[in-house]
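J.: One letter stands for each residue in the lines below.
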Amino acid sequence: MTDVVVQSAARLRSVSGRKLKSRVFEAFMWLAGVIALVPLFLIVGYVLFRGIPALNPDFFTQTAPPPGLPGGGMAQGMMGSAMIVGLAIVISVPLGILTAIYLSEYGRGRLASITRFVAEILLSTPSIVAGAFIWAIVVTATRTFSAAAGSIALTVLMWPIITRGAEETLRLVPDDLREAALALGVPRWKVIVSIVLPTAGPGIFTVVMLSIARGLGETAPVLLTALGNDFMNYNLGQPTDAVPLRIYTYAQSPIIAWHDLAWGGAIVLLAVVLTLSIGARILSDRQQRRLR
Amino acid sequence: MPQDPSTADDRPAEAPVTRRLRIGDGIFRSTSVVVSAALIVLLIGMLGVLLATALPTFRTFGLKFVIGTQWNPITDQFGALPYIYGTLMTSAIAIVLALPVSLGLALLLNEVRSSIVRNPLTVLVDLLAAIPSVVYGLWGIFVMAPVLNDTLEPALGNTLGRIPGIGALFQPTTSAGNMLNAGIILAVMVIPIITAVSREVIAIVPTDLREAALALGATRYETIKMAVLPYARNGLVGATMLGLGRALGETIAVAMLIGNGLGISASLLAPGYTIPAVIANEFREATAIGLHRSSLLALAVILVLIALVLAAASRMLVRNTAERFAVKPEEVSTTLEMP
Amino acid sequence: MKFKKSIAFAAVAGLAVALVALAGCSNGSTSTTSGGSSGGFTGTAVVGAGSSFAQPFYALWAQDFVKVEPDAKVNYQPIGSGGGIQQFTAKTVDFGATDVPLKASEASAIKGDYIEFPTALGAVVVAYNVPGVTTPLKLDGPTTAKIFLGTIKKWNDPAIVAQNPGVTLPDTAIQIVHRADASGTSGIFTGWLAMESPDWKSKVGAGKSVQWPSGQGANGNAGVAQAMSQTKGSIGYLESQYAVTTQLGVASLKAPDGTYVAASADGVAKAGQDLAFPITETTTILDSKVAGAYPMASATYILMYKDISDQKKAQTLVDFWTWSLTKGQDELGKLNYVPLPSSVAQGALSLLGEVTSGGTAVKASAGVQ
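Protein chains in written order, with my numbering: chain A, 828 to 1119; chain B, 424 to 762; chain C, 4 to 372.
One should not assume that every hint holds.
With beta-carbon atoms standing in for the labels, derived distance ranges [claimed, not checked]:
1. C:Lys156 - A:Ala836: 46 to 54 Å
2. B:Gln594 - A:Arg1113: 17 to 25 Å
3. B:Ala515 - C:Val136: 38 to 46 Å
4. A:Gly1064 - C:Gly135: 53 to 61 Å
DSBU-like mimics (lysine-lysine), calculated; alpha carbons at most 30 Å apart, straight line [stated by the list, open to error]:
5. C:Lys366 - C:Lys315
6. A:Lys846 - B:Lys487
7. C:Lys141 - C:Lys156
8. B:Lys487 - C:Lys141
9. C:Lys206 - C:Lys106
10. A:Lys848 - B:Lys487
11. C:Lys273 - C:Lys149
12. C:Lys94 - C:Lys114
13. C:Lys106 - C:Lys204
14. C:Lys273 - B:Lys487
Simulated from the structure, these hints should not be mistaken for lab results.
Just so it is clear, CB atoms sit at the ideal spot from N, CA and C, and this is done for glycine as well.
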């Protein structure tokens, strides 16, 4: 009996045994890859399967149908998402880039390390907490739920993302460019604005694209700040609907027609978000090849 | 940073045009400083509001809040334990399931030579990270949960559920929402993050070590085991912590799948509740009379503290691995950890 | 690279323009701005939140009222009665909706004079999803309480079987579904249980958010209906319309006189005879002694501030609720709700008459009644 055990152990330690172990491990690595990607195909596939039939012209032009009544669409949600994320971008991109510029071009001392740490903390803040915070200070103060409050809540999340990404991109710009310009007498700020930023441009654009994708998909902060709206709304100071918010509500209802609308919303959301992500990846690869 | 020649001491008298440009410098720099300071003010403001609102709860219950099990708005008794338990449990399930997959995938992405396989694979994993939480939840409710509830979970109940001891974890219930479903969807959401950072960390390990092992006749497995993993270990732990941080803070997909059950149940197949989920469900109705709103934000404070510690620790560990191999820590890209 | 960047920008801009254009084309339910039939006043957007019990008919009323005043978009979000009261107190919404009247503590937290009036009657039912059981089950208060307390765990428990002779009940576990949000429907249900079972009253009590002994929680009546349809062997409490549209089983409940009454418009209307002003913390029509009344009927209420500074909003709100309390009542039957007794509707209308804007009384526009 022990002979068998000793022989097996010896076999495992032999060259062929070690090769076998290695092959098994390689198979495990491939298996991990497959396991990781199966959900992706299952989810995207099912969203396509249920979502495409839901996409008719009504979906893009009609607003929310009352419970039990047929027809309707998600037009108010798409408009609301565009408004909320649009305003959030307008606010957070300049703020994020300026912070990134500080960290990459000027920051050497304590303020810079504190800012980086602060960005870190904000990045790990759960989005529901940002929503609760903005409800407490903006919604109660303005006495209304609003698209603007939703944008501000998204800014809390997007600002550190843009800062972190933009800082990385700015650092990739070679110092030679900066030094050459400075040697020619170009003032510091002009070096940054006219040389560093444009060179980092595509990278920053990538970061912005990813932030838009992130902002479009956020439900929790919008839930607490924009409330939602069954009607179309163009006023940033009024409660507004958003696509993820609608999906969240419709998924938790028993009405089949609403489920169809939810899948329609999901496919629209996925299409935009995945396009932005793939686009960002392509741009980022090109940028890295340019600078490295 | 390169020296700014215009600040050299022995410069001649300044021409008006250079003074204008230097004022521009001052304004620009000041603006960027002010904006960075604003970020800090934002965080302080947020933490301040959270703490100020949460204070009455901590004052009333003290540290007993953390171990309290009651959550009763009528009698104004609140305790965090069921939510801390649910949050930690679902995150633990997520990490246990995601870690082997992410590690294997990260190693794969480093070992595969041909970019024809590696690049699409990388892109696809990034796409997993891009799927919004609510879409995960939607798919979870209508596709994953019904299938698992009808197949996997009764199977678990009949097999592992019979073993004394850990069997308690797998007692089946008929609940549509439960902690296992929430944990599984979290695992899928967390895989891309752990994979992305692990991949970067493993890539930092110098090839010399790998080549030395191969030269000595090591197989691929042995090379990885001896010459890669030990050196990347700290960074890998950091990557896992990043994933854990993401799992802890995830709100929507979990709220849609966990069943929102009060109290602590031993079984993973029973409904549970997490801190972000209870905040999402109860915040809009939580009054400031009494301790309800205060307690919800006290939960938020606990969560933010845990997330903060994890973020700081993970950063330190990734930095540690980077510095070990003389790579600038800022160059280790962690942009994909989008929490 | 610059060329490609400008293509990207153009694409994004084009997408934005397309979205705005589509938005302009969208017409919701009507695109006419004919000035409506209320004498020229076209209304403005108002927002309310609260009860999911009432959402089906508030949504219907909102959609129909837009035909009367085209710009009067009444945006109603069903976040639960507790949420309605809280947001109304925080003044972030124009009106709040709740199925249980304000408690004294909630009333004292509201700064400013307000009115509280009922808008319709409905039934809370005990619903269930038990495959194989097609005839409506009969349940009494104490048995229901025991189920929700967790002492009765299976569908074929003797207590249930005894009340349902001839029905084969399976040996499946009972899975409880309750509300995760602060709910007026919960308040009605637990209120009835507290009346029927002293055990429930002492162990759990009545309220919008109670500490449920077990079960899964769902958001809104809709969420409970959804969770129940996915969970075999489940039991839960719902506003009747939700149970009907989800095709869940609905139990007949034992009334104080010993008979089992099914939820019906007639049963609710009979219980509604008990409803009277003033609306106070203890206003209830549960376990009505009227013969044939359904034991778990309830009114649902609206909260509005008496003085509303925005004149257009004040006018829109007065018009909308006046319309709802008159013409709107005829639509309730479509959705299994019951109109208010006419004396109560009149009382509500006179309360509406107290609404002012900046001191001036707001009268309902012509054509709204």
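J.: Please verify whether Lys94 of chain C and Lys114 of chain C have alpha carbons no more than 30 Å apart.
T.: The given pair, whose Cα atoms are some 9 Å apart, holds under the 30 Å limit.
J.: Given the proposed pairing of Lys487 of chain B with Lys141 of chain C, does the C-alpha separation stay at or below 30 Å?
T.: violated, 44 Å
J.: Can the restraint linking Lys273 of chain C and Lys487 of chain B be considered satisfied, given a maximum Cα separation of 30 Å?
T.: violated, 50 Å
J.: Lying within 38 to 46 Å: is that true of the beta-carbon distance Ala515 of chain B to Val136 of chain C?
T.: Distance hint for Ala515 of chain B, Val136 of chain C holds at roughly 39 Å.
J.: Are the Cα positions of Lys273 of chain C and Lys149 of chain C separated by 30 Å at most?
T.: holds, 28 Å
J.: Between the alpha carbons of Lys848 of chain A and Lys487 of chain B, is the straight-line distance 30 Å or under?
T.: Violated - the C-alpha atoms of Lys487 of chain B and Lys848 of chain A are around 51 Å apart, more than 30 Å.
J.: Take a quick look at whether Lys846 of chain A and Lys487 of chain B sit within 30 Å of each other, Cα to Cα.
T.: Roughly 56 Å between the alpha carbons, so the hint for Lys846 of chain A and Lys487 of chain B is violated.
J.: Go ahead and decide if the range 17 to 25 Å is satisfied by the Cβ distance of Gln594 of chain B to Arg1113 of chain A.
T.: This hint is violated: roughly 54 Å between Cβ atoms.
J.: Using the beta carbons of Gly1064 of chain A and Gly135 of chain C, state whether their distance is inside 53 to 61 Å or not.
T.: holds, 54 Å
J.: With respect to the beta-carbon atoms only, verify the hint that Lys156 of chain C and Ala836 of chain A lie 46 to 54 Å apart.
T.: holds, 53 Å
J.: Do the alpha carbons of Lys141 of chain C and Lys156 of chain C lie within 30 Å of each other, as the hint requires?
T.: The given pair, whose Cα atoms are some 17 Å apart, holds under the 30 Å limit.
J.: Given the hinted pair Lys106 of chain C and Lys204 of chain C, is their Cα-Cα distance within 30 Å?
T.: Holds, at roughly 17 Å.
Violated hints, in rising order: 2, 6, 8, 10, 14; the structure is consistent with all others.
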